[in-house]
Amino acid sequence: MTAVLSADNLTIRFGGLTAVDSVSFEVREREVYTIVGPNGAGKTTIFNLISRIYDPTEGRIRFCGEDITDMPAHRIAGIGIARTFQNIELFEHATVLHNLLVGRHCKSRTNVFEELAFLPRVRRAEHVHREKVEEVIDFLDLQPYRDQYIANLPYGVRKVVELARALCIEPKLLLLDEPASGLSVEETENVAFWIDDIKNDLGVAILMVEHDMSLVTEVSDRVLAMNDGRTIAEGTSDEVQNHPEVVRAYLGA
Amino acid sequence: MRFVFKTDYDQDLRFFKHEGYWRSYGFLFIAAVTAPLYLGDFEISELTQAISFAIAGLGLMLLVGFTGQVSLGHAAFFGIGAYAQAWLLASLDISFLVAMPIAAVFTGIVGLLLAIPLLRMTGIYLAIGTLALSIVLEQILKSWKTVTGGFDGKAVDPASLFGHEFNPDSWDFYYVALAILILVLALCANLLRSPTGRAMVAVRDSEVSARSMGVNIARTKIAAFGISTAITGLGGALFAHKLQYLAPDGFNLIISITFLLMIVVGGLGSLQGAILGALVVILLPQAITIAKDYLPPSIGHQPGLEPGIFGLILISFILFEPMGIYGRWRKIKLFFDIFPIYRKATFKRQKAYLKTERMR
Numbered sequence: 001m002t003a004v005l006s007a008d009n010l011t012i013r014f015g016g017l018t019a020v021d022s023v024s025f026e027v028r029e030r031e032v033y034t035i036v037g038p039n040g041a042g043k044t045t046i047f048n049l050i051s052r053i054y055d056p057t058e059g060r061i062r063f064c065g066e067d068i069t070d071m072p073a074h075r076i077a078g079i080g081i082a083r084t085f086q087n088i089e090l091f092e093h094a095t096v097l098h099n100l101l102v103g104r105h106c107k108s109r110t111n112v113f114e115e116l117a118f119l120p121r122v123r124r125a126e127h128v129h130r131e132k133v134e135e136v137i138d139f140l141d142l143q144p145y146r147d148q149y150i151a152n153l154p155y156g157v158r159k160v161v162e163l164a165r166a167l168c169i170e171p172k173l174l175l176l177d178e179p180a181s182g183l184s185v186e187e188t189e190n191v192a193f194w195i196d197d198i199k200n201d202l203g204v205a206i207l208m209v210e211h212d213m214s215l216v217t218e219v220s221d222r223v224l225a226m227n228d229g230r231t232i233a234e235g236t237s238d239e240v241q242n243h244p245e246v247v248r249a250y251l252g253a
Numbered sequence: 001m002r003f004v005f006k007t008d009y010d011q012d013l014r015f016f017k018h019e020g021y022w023r024s025y026g027f028l029f030i031a032a033v034t035a036p037l038y039l040g041d042f043e044i045s046e047l048t049q050a051i052s053f054a055i056a057g058l059g060l061m062l063l064v065g066f067t068g069q070v071s072l073g074h075a076a077f078f079g080i081g082a083y084a085q086a087w088l089l090a091s092l093d094i095s096f097l098v099a100m101p102i103a104a105v106f107t108g109i110v111g112l113l114l115a116i117p118l119l120r121m122t123g124i125y126l127a128i129g130t131l132a133l134s135i136v137l138e139q140i141l142k143s144w145k146t147v148t149g150g151f152d153g154k155a156v157d158p159a160s161l162f163g164h165e166f167n168p169d170s171w172d173f174y175y176v177a178l179a180i181l182i183l184v185l186a187l188c189a190n191l192l193r194s195p196t197g198r199a200m201v202a203v204r205d206s207e208v209s210a211r212s213m214g215v216n217i218a219r220t221k222i223a224a225f226g227i228s229t230a231i232t233g234l235g236g237a238l239f240a241h242k243l244q245y246l247a248p249d250g251f252n253l254i255i256s257i258t259f260l261l262m263i264v265v266g267g268l269g270s271l272q273g274a275i276l277g278a279l280v281v282i283l284l285p286q287a288i289t290i291a292k293d294y295l296p297p298s299i300g301h302q303p304g305l306e307p308g309i310f311g312l313i314l315i316s317f318i319l320f321e322p323m324g325i326y327g328r329w330r331k332i333k334l335f336f337d338i339f340p341i342y343r344k345a346t347f348k349r350q351k352a353y354l355k356t357e358r359m360r
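These protein sequence lines are chains X and V, in that order.
Per our numbering, the first sequence starts with residue 1, numbered consecutively.
Per our numbering, the second sequence starts with residue 1, numbered consecutively.
For the record, the hints were derived by calculation from the structure and aren't laboratory data.
Simulated pairs of lysine-lysine, DSBU-like, Cα-Cα distance not exceeding 35 Å:
#1 X:172 <-> V:6
#2 V:242 <-> V:145
#3 V:142 <-> V:242
#4 X:132 <-> V:331
#5 V:17 <-> V:333
#6 X:132 <-> V:6
#7 X:199 <-> X:172
#8 V:17 <-> X:107
#9 V:17 <-> X:132
#10 V:17 <-> V:6
Here are the computed distance ranges between Cβ atoms for each label pair:
#11 V:7 <-> X:239: 52 to 60 Å
#12 X:127 <-> V:146: 49 to 57 Å
#13 X:156 <-> V:101: 48 to 56 Å
#14 X:146 <-> V:321: 22 to 30 Å
#15 V:16 <-> X:124: 20 to 28 Å
#16 X:119 <-> V:165: 34 to 42 Å
#17 V:8 <-> X:203: 27 to 35 Å
#18 X:28 <-> V:132: 51 to 59 Å
Sample of chain V residues facing chain X (criterion: CB under 8 Å; computed from the structure):
#19 9
#20 198
#21 209
#22 211
#23 213
#24 214
Owing to the predicted nature of the structure, the values given are computational and were not obtained by experimental measurement.
Where a beta carbon is used, it is the ideal one built from N, C-alpha and C, also for glycine.
Given only the sequences and the hints, what does the whole structure look like? Please build it.
Pasting the structure below:
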């Protein structure tokens with residue numbers, strides 16, 4: 001199996017604090033790879049490094065063989081990396097449809113002048129985007145919310161909309177930052193099914209950060225445990241959970 | 001209650017989503033076209049002025065209401081458009097209809113160049129930066145005598161087409177203004193239903209996720225500023241014909257603030273808001289003048305009555321109706337559309353859950 005994403009010796013320092021300290025890992029095709037760890041372990045920082053919001057102090061990130069360490073953040077979506085956010089970053093004063101169409105932005109090839117005149121080319125492109133968006137809406141059962149404003153939606157639906165927006169990019173790699181945080185048990189089960197479907201039906205590799213260990217065990221192929229920015233264990237979910245270092249990190253020694 | 005059945009993606013791309021829109025906007029269009037029949041020359045002239053302000057307001061609306069970047073400098077671009085129009089007509093032998101788009105594009109290019117440094121700032125700093133523009137331009141207009149005529153001002157050649165000379169205070173020029181307004185509205189609406197317009201809204205609501213969706217933040221902001229200033233410049237070019245004589249103090253900070261007041265009162269985030277706001281801003285002083293006659297002299301003859309009332313209106317809108325006149329209209333419309341199930345809380349803003357401040 002080939003690696004979709006590989007992080008090599010990734011390090012970032014914020015002044016004196018080393019948030020991520022030479023972490024290396026590899027996400028393979030059609031794999032759910034989960035990063036776990038206590039708060040402040042550097043999990044979200046890794047996401048921000050991959051989506052190029054932060055520049056790593058050291059180390060390289062490769063995506064499908066291409067070095068993306070110096071790529072500007074707005075080009076990341078275009079090469080096939082989509083992400084969701086821990087605390088939901090949707091466009092609040094826009095409809096669900098509008099949000100999902102923004103997910104198609106990286107695929108749009110029309111320029112401002114064509115758009116001002118709304119040439120037939122723009123209309124055709126809009127139809128293509130809309131069809132793609134409708135596929136995602138069907139996939140995640142968002143039909144009832146299509147024309148609703150995000151500000152009026154409950155938290156659980158917003159989480160799904162954010163996942164849908166990420167899928168509209170047609171990613172090869174999906175970064176999920178705590179997909180189950182704040183969800184009920186039932187909604188968490190839905191997330192588990194969707195993650196399976198995304199992996200098996202859409203063939204997308206998933207890199208996930210999650211605290212809910214039952215979800216992690218259910219969907220993950222491999223798990224990486226971190227503490228204080230360092231890797232402490234890697235392996236299957238059971239192996240990691242029973243690793244003495246991991247137990248110590250969570251329970252204290 | 002109204003149910004709209006959708007059977008075609010084009011239905012969501014149309015300007016008018018269902019026949020109700022055709023009725024109300026059709027009525028509005030007929031009312032606007034027949035206005036000279038039931039309004040006097042004075043009212044028509046006021047309407048023409050309101051239209052040129054509305055066009056400038058549409059430009060500002062794209063920037064403030066849709067991209068979320070505040071500008072206190074749009075009077076400067078309004079002025080650049082006006083002076084460019086006057087200069088083009090005086091220096092080149094071209095029709096005013098040809099000069100107008102040139103003036104607009106010129107203003108847009110100036111706006112683009114200024115946007116590159118300006119849009120590195122955000123929020124209050126951007127407001128201060130653009131405020132400086134207003135002040136600087138006023139000085140340039142006063143000092144650059146060869147082009148602007150300095151304190152003496154600059155006369156604008158009358159608009160004429162096929163030998164017909166338009167009277168800016170009469171119905172014929174009103175139709176020119178109306179046609180330009182409709183054209184600008186169509187351009188703005190086109191932009192908002194295509195990727196760039198969506199990217200603008202994305203930048204307004206969450207820069208961090210817009211970037212992760214592949215939106216080039218800097219380029220989107222700069223494009224929005226360019227388009228915004230070009231449209232405002234077009235409004236200025238129209239206004240130049242309305243004024244017939246340009247003076248530097250006609251494009252000062254007060255006008256910038258008036259524009260901002262216009263779009264806030266009209267309703268941020270809607271094109272209709274810019275037009276409603278322009279009508280309020282232009283017609284209100286007239287209403288105050290008329291009201292003065294009926295007020296007791298102790299109130300009616302107070303100095304500063306007009307700015308005072310303007311301020312009061314702005315504050316009341318921010319406190320009681322942040323979505324502006326158009327927001328209020330939408331609420332009334334929704335009340336009837338979904339008739340018995342409208343709740344008071346329908347438009348209440350929910351508290352944002354766990355909105356992160358970490359990655360700003």
